[in-house]
Structure formats: structure tokens, C-alpha cells
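Number of protein chains: 6
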Amino acid sequence: MERIKTGIDGLDELMHGGIPKGQLVLVTGTSGTGKTIFCSQYLYNGITKFKENGVFLSFEEPSTSIKENLKVFGWDMNSLEKAHQLSFLRYDPYHIEDVFDILESTIRETNAQRIVIDSISALGLHIKDSSELRRMIFNLSETLRKLDCTAVLTSEIVPGSRGLSRYGVEEFVTDTVIVLYYERLDSTFSRAIQVWKVRGSEHSDKLHPYMISDRGIVVSPTEEAVIKS
Amino acid sequence: MERIKTGIDGLDELMHGGIPKGQLVLVTGTSGTGKTIFCSQYLYNGITKFKENGVFLSFEEPSTSIKENLKVFGWDMNSLEKAHQLSFLRYDPYHIEDVFDILESTIRETNAQRIVIDSISALGLHIKDSSELRRMIFNLSETLRKLDCTAVLTSEIVPGSRGLSRYGVEEFVTDTVIVLYYERLDSTFSRAIQVWKVRGSEHSDKLHPYMISDRGIVVSPTEEAVIKS
Amino acid sequence: MERIKTGIDGLDELMHGGIPKGQLVLVTGTSGTGKTIFCSQYLYNGITKFKENGVFLSFEEPSTSIKENLKVFGWDMNSLEKAHQLSFLRYDPYHIEDVFDILESTIRETNAQRIVIDSISALGLHIKDSSELRRMIFNLSETLRKLDCTAVLTSEIVPGSRGLSRYGVEEFVTDTVIVLYYERLDSTFSRAIQVWKVRGSEHSDKLHPYMISDRGIVVSPTEEAVIKS
Amino acid sequence: MERIKTGIDGLDELMHGGIPKGQLVLVTGTSGTGKTIFCSQYLYNGITKFKENGVFLSFEEPSTSIKENLKVFGWDMNSLEKAHQLSFLRYDPYHIEDVFDILESTIRETNAQRIVIDSISALGLHIKDSSELRRMIFNLSETLRKLDCTAVLTSEIVPGSRGLSRYGVEEFVTDTVIVLYYERLDSTFSRAIQVWKVRGSEHSDKLHPYMISDRGIVVSPTEEAVIKS
Amino acid sequence: MERIKTGIDGLDELMHGGIPKGQLVLVTGTSGTGKTIFCSQYLYNGITKFKENGVFLSFEEPSTSIKENLKVFGWDMNSLEKAHQLSFLRYDPYHIEDVFDILESTIRETNAQRIVIDSISALGLHIKDSSELRRMIFNLSETLRKLDCTAVLTSEIVPGSRGLSRYGVEEFVTDTVIVLYYERLDSTFSRAIQVWKVRGSEHSDKLHPYMISDRGIVVSPTEEAVIKS
Amino acid sequence: MERIKTGIDGLDELMHGGIPKGQLVLVTGTSGTGKTIFCSQYLYNGITKFKENGVFLSFEEPSTSIKENLKVFGWDMNSLEKAHQLSFLRYDPYHIEDVFDILESTIRETNAQRIVIDSISALGLHIKDSSELRRMIFNLSETLRKLDCTAVLTSEIVPGSRGLSRYGVEEFVTDTVIVLYYERLDSTFSRAIQVWKVRGSEHSDKLHPYMISDRGIVVSPTEEAVIKS
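Protein chains in written order, with the working numbering: chain A, 1450 to 1678; chain B, 1450 to 1678; chain C, 1450 to 1678; chain D, 1450 to 1678; chain E, 1450 to 1678; chain F, 1450 to 1678.
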């Protein structure tokens, strides 16, 4: 099985080598868990370490804002964009009729192999029901598989919910699920990451601590994390 | 009572010999519990160990993707398909008017005895209410019984729910219910299987550990598992 | 007060002699608790031990399937049917306009004294709201009382709910309520029965273990059961 | 403050002498707690011990059935009815346009002072929303106050709910609230009564055990009960 | 900051001298906590101890009934009414178009400084959504502020809810919030009061016991109360 | 990264120097946690300590009332307003078509750098669904970023909810989230503050006590707070 390395310190190890190529990955967590950093790091590493071009499809935040927020990690997304290694697409979730056509043509034009869609929850808010969202994610996965891309989608967990995603369907139509936790124990909040599933592969069955450092997300693959709920 | 062996290591023992022939089996669990692997293993074992042909009806994932994911277990579904021992049907859950007619004619043509429907939850998302889903499952069970088939359906459990199925009706109109758990105790996630009911038969009243090995699902019938909730 | 013995081992003792004649009994529990076995056993014992004819009204499962599943207990329902001691009626819950007329005329023709309706939940799914279901159950109880019949209805408890019935009204319009539990303590599931109420009669205020043996349901009236929730 | 004695053993003591005259009393509890027995005992005692006539308005159960179920306590409601001391009214909750007019004229004709309405929940099921039910209960209370009657209404608590009534408004528009509990501790169920509020009066602030004996409800005013939830 | 003393024993002390003049106060609690007594005591004390006239606006209970229930405390509301120090307004919550105009003109005519609205929950039941209720409360607060009145509103807490009010908006548009608890610990129910917030002022951060005595509500400002939930 | 100091004692320290310039900050908590004080203190400090003008947009409370309530802290908002350093805008949440245009022109005219919107929950009540609110907040954030403003929005937490905001979307479209807690431990209520997230910056991962003193909000950055839930 061919693997796509995220290049995120410590994470590929938990997935026994990386994301299986061609899969749809769901990264999910409450607000503040670093989902957009995760996605960007996946793309940045792809380009700078593995020579794989990327596309970042945002349904909410404009590229200027995303790129600005990433400077703190020393990631110069602008120059990657100018070098045609990275493309930013931003789509208003109200007008998405042709978004996946645009995504597909952008992938073909730029020969991208890594795709990020941030967030599927923002998209879901504008869709009538969860069955339509499920279908849309599924169709997307087929398109991306055909294009030989490995994609990361983000979904949101509302604090207090015990679910894995905002709509309760996202985790069922994706191949790999990574959950980011941010929970309080007594008076301290801590971060933990879990590789919930990887289709067709073994993976760590532990909860591991991670931090958002000045180099982006760093996972401690040999330590175990404890959360309350 | 005639039994259909799943051939899944350790499982038939928990069911006192296998699934009673002609029954409708519900396999249910959260995302990542291996429901599709379970179904495929049931079909693969049927063909290769018990000379019983199979039909896999998918409402979401295309056969190429399913078959690809099973290669890791060494199951060559393609050659079974070519040998007319296995048939894949994929139906869009939006257009299901004649799906059970097609299923029936496929069963007759291929003389199949083992049927998989994966997943009944994907179907349910497109149906107006749970009473219609209940009725559809019931009609299906009558058709399959008439054809002397033993079928496995999958349903999804949303994490945090204490129910056995997505719609709360699936477990009432099926004969046998098998629940797959994936839960965390402290910082480690573990898997457990439970034979919830088998109509007309005794069965294990324990929770047993299982793993997804390179040979597919393997149940430990002599060990007991502990989960939190 | 005249009593109708269920003939279920150990149960009549918990009810201080049996079901008060003419009452409507609700048997409720999650999937797999043996509600249909309970009902069938009530009818079978009525005919074979107490010379009281019975009618089984099913809103879902066909009589062939019900009878087939009961063979494991050695109950030959077919010969009872041929001897005109037992009648099976199956009604599609979508077309129930005249179901209670048919039920009444069947009762009169066969001089039946024991009635089973399995399940009132399947009926409820096709009714607009719980007030209509409540009214329907109430009207049914009046008809049956007039005919001097003692009837058992089944309702379903969705796992995780703390209610006694699917719609929250069934237990209020029936005279006697019997709850069947199937719950896990650590890694073992066990069965317990409770006589929740018997209108106009004292009854056991304990939770008792029961099993589904090869003779059907067997209650241990002198033992106490413990369940978690 | 003038008091109406319920005559239920031990209960009037908890209310410091009985129900304040003219109040609307809510008796609430899950199925099987003896609400109808409570109401009937209130009327029966009123007639036989305190020379106060009564009216029983039922929205569901017919008077024959109610009277039949009370024979076990030795209460001959029929002869009270024949002596024009007790009136039974039964109204279909679907056709209640003039029910309170009929109730009022019956009260005037029979000079009744004790009224029972069983149950307000059955009525509520046929009303569009809880505000309408609230208003209806309030109007009723005004009519009854004008007629110098003291009335007992019943409401239902669905097991698992922590509320005091089916609609969450009943306890706010009644003057006195009495809650009947039936809960399990380990493997034994027990009964407890609580006088939740009495407008304009002190009352016991304890939970007391009660039983349904062959003389009807008997409260132990000097003992305390313990329930789990 | 000018303060309005409630004159309720022990309470003004918890609020560091009373309610800040001109504020809108929410008094909230389950049924039976004495909210109407609280309001009436606030008005009665205002007139008899502080020479401030009052208006009692009721959306449900008629003034005769309210006044009757207060006699137990020795409060002769009738004579206050005759002396034009107290006005009772009762409005049907279905017809409230001009209620706040009437309230305003009554305040002007009687030169009232203390206003009670009992209950805002009864009003809310007849309003389409909680945003309309929020707006109505807010407009009311502006009118009352303009008239230099200090008003007390009551809201209801449904038992089992952890919220502070029936609609979840009342506590956000009022200046001061006082919560009345009535909860069981083992077999005894007890009362506790909490000053949840006072805009622009410090206040006790403790839970204190209170009782409904023959002089009305009496708070123990130097004792602490314990409740379960 | 340029920082905007809140000037709230102890808080900037928790955020490693203040709010990153240009961000949208969510301040959220139950009723009585001091959200409006927080916002006002942010503006007041901006003007008096950092020479940055401010705009306060209120969707509910009129400026006179807000200013009045702040006098207790010695903040003379009126003179700031007269000096054209502070502008108050109040908008009826029912008529918000052009509110963000007005906000933008006010910002331009007064050269404001600090913006407060209190509360986004009051706005949300008048919007059809949470997707529209999410979009509105997002558009607002783009406008404010373009104007180089740093804005604080407030949202409400309904007691008993475990969420961070009234609609479950506010925390996902804001850059920084600060949560104010007011919870009971035994019989005492206490206040705690948490910096939940700061986009692009590290921050304290502890829960800290805060108080509402006569100088406004004061945070204890070196102490840890404990809350129950």
C-alpha cells in the first residue's frame, strides 16, 4: 500500500507510515484544535518535502487570512503559490454548483496530489440535509480517487457533543479519521490526537499528546494522553 | 436448525454454530469498526470455504473501491467475480425503485445464498421516515427468505448515542444482531464484539475482544472484553 | 378476581396468580428480549394447558416465520391452527382501517379468549401521532373487554432510552405492564423481568432473572436480578 | 384556612390537615403509581366520611372499568352513584367543546364539592400546544373555585424524565402538587409520596413511603423513603 | 447607587443593600418555590415600609385568588388597593396588544415605583418564539426605566432542566437575577436562594437557605445551603 | 505579530501580550459573567491608555443604560463620547439591513481601531438559521480586517449547556475565544476565565480566577481556578 506522508512530526508513525494514497481523510475537533494548521502543514510539507503540489479549497476563510496566520510557523505560502505549487480556491458555500468542477480542473492544471477542503461543516450549513452532505462527500471522494489525489477534509465538533463530526455522517464516508481533542482536566487544558480509523491499515490505538509549536503541529508518538470525557 | 457459518475466526462459536439459515443479520457499530470487512469476509468465506455464491449490494461505495480495500487481507474478489461466484451491485440510494427486483434476479441468476447490503443507513438517509425504512427492511427479509438466502445488513451507530442503529428500528426487524464496539479506556482504544440476539438460538452472553488482522476479523471467543460505557 | 395463567414458569407467581381476566397487558423491552416468544408462549399454554383458544395478530412478521421460529421450543403452532384453536392474522400496518373488526369477528368465530398483538410499535410507526396511538389502544381495550378476552401487546424500548415504551403512552393505557431487560454488567449480558404494574392486584416488587430455555421463557421467582442502569 | 380531608391514611397529616378548600390539586406520577386509585379514594372518602358529593370526569377510561377496578378495595361506587352522591362523566378528548359546561351543570345539579379529572395528560394529547393546555387548566380552576369545589387532576410522568408532568406546565397552574414515585433501588421497586407544594400552607418536606393496600393508598407519615434518582 | 429595599428578611443584605433602583429583576424557580409570594412581599413591603406604590400585573391568576392566598401572611392587599397604593392588572396572555400601554398609564396614574409581572413564562407560552419574548422584555425594561420603576418578573424552571428560565433568554435581558431552589437531598426537600447577578453591584456568592414562614419569605444571610445538582 | 492590549489586569499576560491585531474575539459566558463590562473595559482602556478610538455596537441595550452601569467603575464614557473617541451605535436586531455599512462608515469617520458588538446572540435570535449567522459573522470579520480593526463580540451560554456559544457556530468563525465561567462548588459560586484559543499565538492553557472589582474585571494570571463541570 502506497502511503502519503503528512510530514507532521510523529503523526505518520501513528498511521504506520502515512495516509494510504487516494484516501479521503477527515480531521475533526472542536474550535481551537488547529484543524486549519493541520491541513496547511499537510500541503506545505507535501510541496517542500515530497514535491507534491497542493490545492486548498476554503469555504469560509479567504486565502490572505489563511496565509497570514501561517507565517507564524515560517511557512511562506505565497511563494509556493507563485511557484504554481499551491493553489487557493475560495468558494462561497451558497454558490457551490460548479465547485467540484473547478476543483477538478485546478487539480488537472496544477497536477496537484494533495487536496484540502476546509471545512466541510461550513459547506454543510448551507445544504438541506445530512443525506445531501453525505452524498456530496461521497461524490467528491470518487472524483479525487479518479484524479489520484489524497485529500484532507475538516469537520467541527461542537463542545459537549460526544459525536465525531457536526452532522454525524462525515466519519462514515471518509477513509481515515483523525480526531483532535482539547479538554480540561482540573484547571489545565491539554491537547490529544487520535487516529480513529485508517481504511485498510493498522494504526495506533492510543491517544497521544500533541502541541502547536512554532513549527506547526508536533505529535508525541511514544507518549499517551489522558482526557476526561 | 441449519446454520450458515460466517467462517470468521471465533465468531461462529459465539453463535453456537453460525447464523441460522435464512435469517437477516444486522451488523452495527460506529465508524471504523470494520463493518464492511465483516460483510466481505462473510461472502469471501462463503464462496471459498462453503461453496456458496454471494451478492454484495452497496448503496454508497463502488465495487472497485471495496475490492481494492480488501486486497490487504489477500482476498481476490475480482477473480471470484469473474468466476460468477460473486456479484457486486451498486445502487444510488436516490434511485432505488427497482433495487430489490434487481437484487432478486441477480440472486436467481447466480444461485447466490449469501447476501450483503452495505449500508442500510445510507439507504435510510434518503427515505422519508423510519417507518418506511422498517417496512423496506421487512419486505426485503421476506424476499430473501423466499429465496432461501442468508443476508447481512450493516447499520451505523453515531458515537455518543447509546442506540444500536442509526434509526432505532433496524434491530427490531432483523433476526440476528451483532454489535461492534470501538471504545476508549483511559488512553487506549479497543475493539469488542457482542452477539446481541440470534432468533431461535442461544448465543454467547459475553462481550469478546476482536481484532482486524491481516486475515480479516478475528474474534477471541474465550476471552472477555471490557468497555466503559 | 379471576386470573388468566400465562403458564410461563415462575411468572404467574410474581403476579399473584396470573393476569387479571379481561386486562390489556403490555410486554415491553429492547430487541432480543424475547417479546414474541413471550406472546406465543402465552397463547400456546392457553390452548394446551387451559383450553382457551387464541388469536395472534401480527403487524409485521408473517405467521410462517413466527411458527418456524417457535419450533425450537417444541411448540407445534400449525397443528393448533389446524385444530381451529389458534388463528393467525397478519395486517399491513399501512392498511388497518378494518383490522379491529376482523380481529373481533375472528375472536367471535373461534371463541378465543387470549389475544396477542405484536407489535403495537410497528403499528405506531404508521400513525400520525402518539395521541392517535393512545386512542387506538384504548378503543382496542374496550372491544377486547367486551369480548371477555385477555390480551398481550408488545412494545419496543430503544436501547439508551429510559422509557418503558416506544411512544411513551403505551404503558398508560394498558392494565398490566411487564418489562423485559437485557443489560450488560462488565462483560456479561443478563436478562431480568419486572412486573411493573398489575391493575387491581398486588405483584412482586423485585427484579427477577429469566432465561430463554428450550422450553421458552423461564422466570426465577425466588431469585433477584441486578442491572446497571 | 378551611381544609378538605382526603381521608387517605397518613396523607392529610403531611398536608397539615388536608387540601386547602377550593384549590386545584395535581397528582402526578409514572404509570402504575396508583393515580386513579388516589382520585377515587378522595371521592369515596368525601362521600362516605365527609358527606361531600363528588364528580369523576374521565377522558379515557369508562366508568364501568374504573368502578370494577375499585371493587378490590371494597368501594362500591355503583351504590354511591345510584344514591346521586357520585357522578361519572366520560368525555372523548377529541370532542371537548362543552365538557366544562357539562361539568359545571353536573356539579350544580348534584351539589358536588369534590371533583376529579383523570387525566389531564389524555386531554393534553389532543390539544395543539402546552399553552392551550395551560390556559384550559387555568380556566377550569376558575370555574371550580367559583363553584366552591376542590378538584384533583392527574398528570403522567414518562419514566426517565425528571419533570413533574407530561407537558411541563401542569404543576405551574395548580395550587397543590403531590408526586407519586415508583423507583428501583438495586433489585427492589418501592413507592414514595411527596407533597411538592401546597399554596398558602406548610407541608411535610420529606419523602414518605406509601403502599397500595386492600384499603387503598396508605401513607406512612412518620417514615422517610429513599429513592435513587 | 440608589437601592430599593425588598424588605424581605435577610435578602437585601445579600444584595449589598437592595435592588439597584430602575433595574429589572428576574425571580426564577420551579413550581412551589414561592415566586408569587416573593413578588407580593416586595410590593407589600414597598407600600407599608417604604411608602412606594405598586402595580401587580398578572398574566394568569386573578387578583382575588392572589390576594386570598396572601392572607395567610397577614397581608391585607385589599385595603392597600382601596387606598390606591396598590393596583392589580390582569391580562389574558392571548390579548396583550396594549398591555404595556395600560401598565404605563396605571403607573403614571398611581405614581407607582414598584412593579411586578407574574409570570413572564405564561406570557411566553403565547408568543411565537423566544426572540419575540426577549424583545418584549427588553422593551418593557426601557419603558419601566423611563418611568423610574423597579420591576420584578417571574420565570419558571421546569424540574430536571439545568437552565435558569423557561425560554433561556429571560436571564440575559434582566439586570438582576434571583434563583429559588427546591431540591431533595436523600429524603428531605429544602429551599435555597441565590443572588445570581446584580448589574453594577457586588452581591453574595453563596447559596443561602430560605423558608416560607407565616411572615412570608425569610432568608438566612449568614448560613449556607447545600443542594445536590 | 502586533498585539492589541486589552488593558484588563492580568489578561494580556494570559494571551502572551494581548489580542493579535485585526482579529475577531469572542467573549462568551452565561448571564452575569460580566461580558458587557469586559467589552466596555476593552474600549475604555483603548482610548485612555492606548489612544485608540472605539465603537460600541449594541443590538439590545441602549447606550444610556450601558454608560450608566459603567459609572460604578469610574469610567466616564460620556466624556469619551463627547471627545469623539468613542461612538455608541444601537441597532434594533429586526432592522439590520445596513448595520454593517453604518458600522463601517462610523469606523472610518472616527478612525476607530477597537470595535465591540454586544451581543451576537441577540442578533442571532432574529436570523433564520445558524448558517446565516455564521456567514454574517464571517463577512463582518472581513470588513473589520480590511479596516484594520480588532473587534470583540459577545455570545451567551445557556446554563446547563456544555457548548461555548448560543448557536454553536460563533466560536468557529472567530479568531480568539475567551470563556467566562460562573459556577457553583458546594454552596459558593466562583468566577473563572479561560483563553480557549488565540489564532496564531500561544496562550495560557489554565483556568484562572477573575473578579469584577470596582476597577472592572481583574484576572489573576498566576492562580488556577477549579470548576465543577
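Take these hints with a grain of salt, some might be off.
All copies of an identical chain are treated as equivalent in the list; a pair is satisfied when it fits inside any one copy or across any two copies.
What the hints assert, rightly or not - Straight-line distance between alpha carbons at most 16 Å, and here's what the computed EDC-like set of lysine to aspartate or glutamate pairs gives:
#1 1470 x 1654
#2 1516 x 1591
#3 1655 x 1530
#4 1595 x 1517
#5 1577 x 1632
#6 1677 x 1632
#7 1677 x 1635
#8 1500 x 1550
#9 1470 x 1501
#10 1498 x 1597
In short, the hints are calculated from the structure, not lab data. Given the structure is predicted, the values throughout are model-derived calculations rather than measurements.
For each hint, the structure was consulted:
{"no.": "1", "hint": "1470 x 1654", "result": "neither (21 Å within a copy, 36 Å between copies)"}
{"no.": "2", "hint": "1516 x 1591", "result": "between (29 Å within a copy, 14 Å between copies)"}
{"no.": "3", "hint": "1655 x 1530", "result": "neither (37 Å within a copy, 38 Å between copies)"}
{"no.": "4", "hint": "1595 x 1517", "result": "between (33 Å within a copy, 13 Å between copies)"}
{"no.": "5", "hint": "1577 x 1632", "result": "neither (32 Å within a copy, 32 Å between copies)"}
{"no.": "6", "hint": "1677 x 1632", "result": "both (7 Å within a copy, 14 Å between copies)"}
{"no.": "7", "hint": "1677 x 1635", "result": "both (9 Å within a copy, 8 Å between copies)"}
{"no.": "8", "hint": "1500 x 1550", "result": "neither (24 Å within a copy, 45 Å between copies)"}
{"no.": "9", "hint": "1470 x 1501", "result": "within (12 Å within a copy, 34 Å between copies)"}
{"no.": "10", "hint": "1498 x 1597", "result": "neither (19 Å within a copy, 35 Å between copies)"}
When held up to the earlier numbered hints, the structure conflicts with 1, 3, 5, 8, 10 and fits the remainder.
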